[in-house]
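Novice: Now for the letters of each chain:
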Amino acid sequence: SAVISQKPSRDICQRGTSLTIQCQVDSQVTMMFWYRQQPGQSLTLIATANQGSEATYESGFVIDKFPISRPNLTFSTLTVSNMSPEDSSIYLCSVELGRGDTQYFGPGTRLTVL
Amino acid sequence: GQQVMQIPQYQHVQEGEDFTTYCNSSTTLSNIQWYKQRPGGHPVFLIQLVKSGEVKKQKRLTFQFGEAKKNSSLHITATQTTDVGTYFCAAVNQAGTALIFGKGTTLSVSS
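As given, the protein sequences belong to chains A and B, one line each in that order.
One gets our numbering by counting positions in the first sequence from 1 and adding 46 to each.
One gets our numbering by counting positions in the second sequence from 1 and adding 7 to each.
The hints are simulated quantities; they were obtained by calculation from the structure and are not laboratory data.
Be a bit skeptical, because a hint or two may be false.
As the list claims (entries may be wrong) - Computed spacing ranges between beta-carbons, pair by pair:
(1) B:84 to A:130: 43 to 51 Å
(2) A:70 to B:103: 24 to 32 Å
(3) B:103 to A:47: 18 to 26 Å
We put the CB at the ideal spot given by N, CA and C, even for glycine.
Excised from the complex, chain A in its bound form (with noise of 0.2 Å):
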């Protein structure tokens, strides 16, 4: 298994502001993900987490909104850009210590936009 820990918790952000969470694993993992969960919702793919190059963004999420990066094995960061009352939401990293294998997810951080 993997112990993850993000931060921030949650916060309260302006519009138009920008917000960096953190995601720190115990252990050396190749994969790791970034998740977006919207109230009451599921869990949305917003990107892999590539060690040594670019992210790789899912459909309707661009690096221009959602930068990430990606130095070591162990840690991993997301950038919720230019933010708008619509980008309100729990933001999940994961990681997977085996390829299709089960994910073991962070806490989440809680974002509110005003």
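Fit chain B to the given chain A structure using the hints.
Specialist: Coordinates of chain B only, in the frame set by chain A:
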């Protein structure tokens, strides 16, 4: 794109009653995973099914993978208040690069 359909969206039961959630895909799945998310919590892995017709049990929870590997179910016998939460099924996408989650079934239990 690839979708995993899950029903029902909500289910309320009396404590002690059984509960089942169903997951369906139009394409054959390599495997199916089930997660539970407690209110205010994050998804926690429950189980992975890989083989056609596979059945696995965890105490009061029974997981099944269909013979055609296109559907799965989670059945809880004699629900307890600790079973409250949202149950998600998830399947690996066709590229094999990420999980696609169903919309989840939110279970509430009254005592």
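Novice: Just to be sure I understand the hint, the distance between the Cβ atoms of residue 103 of chain B and residue 47 of chain A should be within 18 to 26 Å; is that true here?
Specialist: Roughly 22 Å apart at Cβ, these two residues keep to the hinted range, so it holds.
Novice: Do residue 70 of chain A and residue 103 of chain B keep their Cβ atoms within the hinted range of 24 to 32 Å?
Specialist: Holds: the Cβ-Cβ distance is about 26 Å, inside 24 to 32 Å.
Novice: Could you say whether the range 43 to 51 Å given as a hint is met by the Cβ separation of residue 84 of chain B and residue 130 of chain A?
Specialist: This hint holds: roughly 45 Å between Cβ atoms.
In this structure, none of the earlier numbered hints is contradicted; all agree with it.
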